[in-house]
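**Q** Sequence:
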Amino acid sequence: MSLKDKEKWNQKYKGPEFLTGKEPCEWLSANADLLTGRGTALDIAMGEGRNAVFAAQQGYRVLGLDISEAGVQKARKLAEENGVRIQTAVVDLDNYLFQPQAYDLILCFNFLDRRLFPGMRGALKPGGLIVYETFNLDY
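Numbering (our numbering), first residue to last: 10 to 148.
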């Protein structure tokens with residue numbers, strides 16, 4: 010991602026309101042029974058952290074990644090408001106190296122970079138779950 014992307018997302022997330030709300034993605038909450046709550050979760054491009062916080066509430070140890078410092082700060086605040094802990098990191102996903110077989114759950118919502126797919130697959134532990142939702146103009 011570029012510096013321009015970083016600035017764009019910092020600008021979007023800088024206000025006090027949560028751009029996408031504080032509740033998890035509808036699909037994720039409706040299918041919470043698929044989540045074991047055991048192990049480690051990775052939330053890629055987590056934004057303001059609503060899905061990372063939800064995963065932590067389910068029992069996962071969570072690492073949330075985003076390019077925006079403002080988004081990451083709001084994610085930490087949301088976790089604190091909900092009485093859970095999440096680990097966060099400000100990263101440029103163009104340069105991020107996934108840890109092999111490190112995660113039981115990988116979340117990615119509203120972000121599409123197909124170049125990340127092999128790394129995501131390699132970062133998943135055997136029997137793990139990837140939950141991916143993105144916008145598609147064709148459907």
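There's no promise every hint is true.
[Claimed, not checked] Cβ pair distances, simulated, as ranges:
1. Asp122 / Lys21: 16 to 26 Å
2. Lys13 / Thr143: 30 to 40 Å
3. Thr45 / Lys17: 15 to 25 Å
4. Glu16 / Ala39: 31 to 41 Å
5. Gly92 / Phe126: 26 to 36 Å
6. Gly24 / Lys134: 17 to 27 Å
7. Phe126 / Trp36: 14 to 24 Å
8. Glu16 / Tyr105: 37 to 47 Å
9. Asp103 / Leu28: 30 to 40 Å
10. Lys13 / Gly46: 36 to 46 Å
It is worth saying that the hints were derived from the structure and are not from the lab. Computed from a prediction, not measured in an experiment: that's the story for all the values here. Where a beta carbon is used, it is the ideal one built from N, C-alpha and C, also for glycine.
**Q** Given the range 36 to 46 Å, decide if the beta-carbon distance of Lys13 to Gly46 lies inside it.
**A** holds (38 Å)
**Q** Look at the Cβ atoms of Asp103 and Leu28 and judge whether their distance stays inside 30 to 40 Å.
**A** violated (22 Å)
**Q** Honestly, do Gly24 and Lys134 meet the 17 to 27 Å range at C-beta?
**A** At roughly 37 Å between Cβ atoms, Lys134 and Gly24 fall outside 17 to 27 Å, so the hint is violated.
**Q** Range hint 30 to 40 Å: satisfied by the CB atoms of Lys13 and Thr143?
**A** Given about 21 Å between the Cβ atoms, the range is violated.
**Q** Hint says 14 to 24 Å; check whether the CB-CB distance for Phe126 and Trp36 agrees.
**A** holds (19 Å)
**Q** Okay, Asp122 versus Lys21 on CB: inside 16 to 26 Å?
**A** Since Asp122 and Lys21 have Cβ atoms about 18 Å apart, the given range 16 to 26 Å holds.
**Q** Within 31 to 41 Å: is that where the Cβ-Cβ distance between Glu16 and Ala39 falls?
**A** 34 Å Cβ-Cβ, so the 31 to 41 Å window holds.
**Q** Go ahead and decide if the range 37 to 47 Å is satisfied by the Cβ distance of Glu16 to Tyr105.
**A** Since the Cβ atoms of Glu16 and Tyr105 sit about 19 Å apart, the hinted range of 37 to 47 Å is violated.
**Q** Can you let me know if the beta-carbon spacing of Thr45 and Lys17 is within 15 to 25 Å?
**A** violated (35 Å)
**Q** The hint says 26 to 36 Å between Gly92 and Phe126; measuring C-beta to C-beta, is that right?
**A** holds (34 Å)
Checked against the numbered hints above, the structure violates hints 2, 3, 6, 8 and 9; every other hint is satisfied.
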